Structures are given as C-alpha cells and as structure tokens.
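*Asks:* Full structure from sequences and hints, please.
Protein chains in written order, with the working numbering: chain B, 3 to 398; chain H, 188 to 280.
Just so you know, these hints were derived from the structure itself, not from any lab.
Since we're looking at a predicted model, the values are computed, not measured.
A hint or two may mislead.
[Claimed, not checked] Subject to a maximum C-alpha distance of 25 Å in a straight line, what follows is the list of computed DSS-like cross-link-like pairs (lysine-lysine):
id	chain 1	residue 1	chain 2	residue 2
1	B	K254	B	K291
2	B	K388	B	K31
3	B	K156	B	K50
4	B	K176	B	K156
5	H	K193	B	K285
6	B	K291	H	K214
7	B	K209	B	K388
8	B	K31	B	K379
9	H	K193	B	K291
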Amino acid sequence: MKDTFLEISHHQTSKLGQSAPGDVFQSIKCDDGRVVSVLSDGLGSGIKAGVLATLTATMAARCVAADIPLRRVAEFVMRSLPVCSERKISYATFSLIDVAPGGRVRVVEYDNPPYVLLRAGTLMEPLKSELRLPRGKGGAKGDAVLRLSSFVAKPGDRIVLYSDGVTQSGMGTKSYPLGWGDVAVQDYVRDLVASSTEGLSARELAKSLVREAVTKDGWAPKDDITCGVAYWRHPRRLLVLTGPPVSRERDKEMTRVFASFDGRRVIAGGTTANIVARETGGKISVDLKDLDPEIPPSSSLPGADLVTEGILTLARVASLLESDQDDPSPRRNAAHRLLELMLDSDVIQFVVGTRINEAHQDPTMPVELEIRRNVVKRIAAALEAKHLKETRVSYI
Amino acid sequence: MRTEIKVVICAGTACHVMGGSELFLVKDRLDESIRGLVSIEGIPCLDLCRRSAPDRRPGGSAPYALVDGVPVERADLDSLAAAITARAIELEG
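*Replies:* What follows is the structure, given as structure tokens:
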C-alpha cells in the first residue's frame, strides 16, 4: 500500500426534533499504526440512544485497539450495556473496521446494514463467517449473530458503513413503501462514485449519501442517519506556509519550498505573503468581497490556492477544529476556507517561520495574539486526532 | 487633473485588531463628489507597524492606510475620510 493514504470520514444527521444523534461514528489511530473505526446505532433516538451508542462504539474501538479477541469484545459490550427501561432490552448495533498498516482489514458487523466494499467501480461481496453469542442479561431472545469478514485493501478501495436510518429512509412513502433498501443504497454508492470525475473523497461520499437519505425522508429524518467511509487514495497534499523566516537570508529557501511543492499551497500571514510575492515576482490582490468583522480578508497570489492573514485566521481554524459542533454561522470567511482545504487534504505540511513580529507583543492589543508555533501545534494535533490526517511541522 | 485617489488599506494582523477592518467601508463616509475618484485596495501587510520609531510602542500607531502613498496612522473612518478629502482638495487646487 505504498503511497496511499487511508481517509476516514463520516457525516450524520439526527432524527427530526432530537437535539442529539443516537448514532455514533468513532475512529482511533493506534500506536502500532492500525486504525479502528466503529459505527454504532443505539436503540431509539436522542440522548438515551446516544449514550448506548457512545458506550458501544468506545468500548468496541478501545478493546479492538488493545488487541482483545473479537469474541471477548462482543461479550464485554453486550454485558455492559444498560437495559432500556421501556423496552427491557439493552441494545446497540455496531459495525467495526480494523485496518492494519499493510492494508489487512477485519470487519465485524452486528445488526447494522451490511457494509459496502467498492473496488474499481464494482461492488464486492466479501465472504462472511458468523459468530453466535448468547446475549447479556435482560437481552432480547435468541443469540446475537456477529458477522466477520477479512480482506486486504487495494489502492482505490472504499468501505462504506451506514446506519439503518439510510436503508429505511423514505419508508412509508409512495415511492419507497419499504424504505430505500440495501440493494438500492449499494447501487447509489456505486453510481455516485462512477459519476464523479475526480476521486470522490470519503467526506463527500458520506455527505452525499446522508443528504440523499434525508431527501428520501422528505427532509424530515425519521431516524438518525449516519454514514462513515474509509477510502484508500492517492494522498492529497497541502502546504501551509506561515510566518517569516528567522533571518532574511532564508526567505529564498522558504520560497523554494513553496514553489516546488507538489500539491495545494496556502500562505497564512501578511508578511509571509509579501516575501513570497517579492521573491516570485507575483502580485497580491486582497479580495474585498468577503469582508468579515472578525477575520481579515483573503488574498490571491499566482501559485497559491489561498492567501490569508496569519495568527487570527489560524487561531480561528484551531478553535473550529477543536470544537465538536459544526460552526452554525453561515459566514464563509478566510478561516472557513482554510479549514475546508485542510479537511479536503490527507497530508498537511506546515512550514512555520519563527521570526517574531514585535507589533504583536504589545500588551495593549485588544485581543490575545498567540504564539504562531503553539497555534500550529494545536491545529496539527486536532487534525491528527480528530480527522486522522497526517501532519508534518517544520520550522524555518 | 488626476482622476483617481488610490487608498491602500492594511489587512495585516495588528491593523485588523486595532480596528482596520472598518476602514474598507470608508467610501460611505466620503462626500459624493469625491466618492467616484477613490479606489480602495487592500494589502496583506504594509509592514509599517514593525517600522515604527523605537520610542513609540510597537504597533501602537496601527491601523495604517495609504492615501496616494502617504501613510495615515491610527486611522479610523473619520481620519481616513478627512485625509482623502484633503487629498482631493489638494488635487483640485
């Protein structure tokens, strides 16, 4: 799996009227390079379902990451779930994928719609073995059936996990009396990927599938709708140049890194942009269309995909990345555009200039201007932990 | 007679936090007779805050703007509009 990057992303929406989702999608990167992702759907909807699903997803992911055998993991999960006071059963479904660095994938499914494996435009049907387990105390009747499968991923493969909110969307309507259905969903995924000219990212695929299911439900989701996607793709690279180099002699070196970079390029910082413009002979123009009271406007410069102000914009990106909520504001300022570029990339390289701007050290400045290095560290940490991106930070 | 007054507004960090973002709206403050003569541009950083004299507080004179190349320090909507108006009168005279 040389030169492929595993992009994992998800999208979800709650049942109409519920403030919290009852489905959970979680991913963790283990120290040994494995990646474990779980989609869990709690019984019912809202907070109670959210608790069940979070418990299930967290336990399953942590246990598998700690190399505990699958049977034990399933037993743990079923024994620990609290019993629903109304239905007298304890229940949350889950689908778990465990990806080893070499591309060996193990999948465990428990009562979720079957996962989709899409390889070279074809829907694959991996062989699945069954594992039967007695349910925990107070559980429903009969054994719980887990389905296990395993394969080696190839570059370009996609795994799509989704909750039953997707397959049952539209249920009861004239067009889909029994819901969208497994087969139709799988066909939709295949056709969507086939019809996109550029490689459809995991993030876009998850979003599109959820949106389509919400549409089938008449824009009033009748259940939590969640989709998680893993995609082995050729890595998209992003360079973020921020801050002037410690000495002027290194301006040329920084510009060379910029000019020779294979991927998309961002400059975050006014002085940095001026240096690159001076060295490359390009002309910067500030875009006065997206004026925003909080974040300075972005600019354009030949060769750069985005030019923004430095520390304020980066600090906003860091706090957007760290917050769990989607930013509700409809505004799309320079920070949002930088964030979009980062989330749409797999490998993000930061080149951080270490010269200090004395003007920023004035204690009478009305906002706290953080040290550039710290902000970049926060962004890199959040990208790694929350979005499973690969980041590199170097100083100049 | 020249027909254009070029106003360049700094969009750098120090100028922005000192209130520079509102300067982009300066045209609204101008007399209609001059408004048409003025072109507004932004620049990522004028680099003036760093160059302020050592006896002054660093960045203390931000935000900055240039009116036909002449810096306006501690600019706000009123002072920048006044500087532009003065320049217009100067050009007419």
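*Asks:* Each hint should be assessed against the structure and marked as holding or not.
*Replies:* Hint-by-hint comparison with the structure:
1. K254(B) / K291(B): Given pair K254(B), K291(B) is violated - Cα atoms ~32 Å apart, limit 25 Å.
2. K388(B) / K31(B): Cα-Cα ~10 Å, so holds.
3. K156(B) / K50(B): 39 Å, violated
4. K176(B) / K156(B): 40 Å, violated
5. K193(H) / K285(B): Holds, because 17 Å separates the two Cα atoms, which is no more than 25 Å.
6. K291(B) / K214(H): 15 Å, holds
7. K209(B) / K388(B): 17 Å, holds
8. K31(B) / K379(B): At roughly 18 Å apart (the allowed maximum being 25 Å), K379(B) and K31(B) satisfy the hint.
9. K193(H) / K291(B): Distance of about 18 Å is within 25 Å: holds.
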